[in-house]
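So the sequence shown is numbered by my numbering: it starts at 8 and just counts up by one.
Since the hints were made in silico from the structure, they are not lab data. Worth double-checking, as some hints may not be accurate.
Claimed, not checked - Derived DEER-like restraints, expressed as beta-carbon distance ranges:
1. L58 / V15: 17 to 25 Å
2. L61 / L11: 34 to 42 Å
3. F68 / L17: 18 to 26 Å
4. L58 / T13: 30 to 38 Å
5. L12 / F47: 32 to 40 Å
6. V15 / L61: 15 to 23 Å
7. F57 / F27: 23 to 31 Å
A quick note: this is a predicted structure, and the numbers were derived from the prediction, not measured. A virtual CB, placed ideally from N, CA and C, is assigned to each residue, including glycine.
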Amino acid sequence: MELLLTVVGLLLVIEGIPWFLSPRRFKALLLSVVEADDFFLRFGGFVAMFLGLLLVYLAHF
């Protein structure tokens with residue numbers, strides 16, 4: 008449970024950094040994501056999941 012809370016806390020810190028540093032640029036980025044092609048978004052999501060799983064694997068083995 009402690010590890011889960013640590014991970015969620017770090018996730019919130021990392022997610023909050025762009026909003027804190029440059030909210031206008033981050034809003035523009037979000038608008039461009041809304042207009043992006045579905046294939047591009049799926050591919051980006053796949054790459055993010057793959058890299059996340061790879062990091063978890065490397066951290067434990």
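Violated hints - listed by number, lowest first:
2, 4
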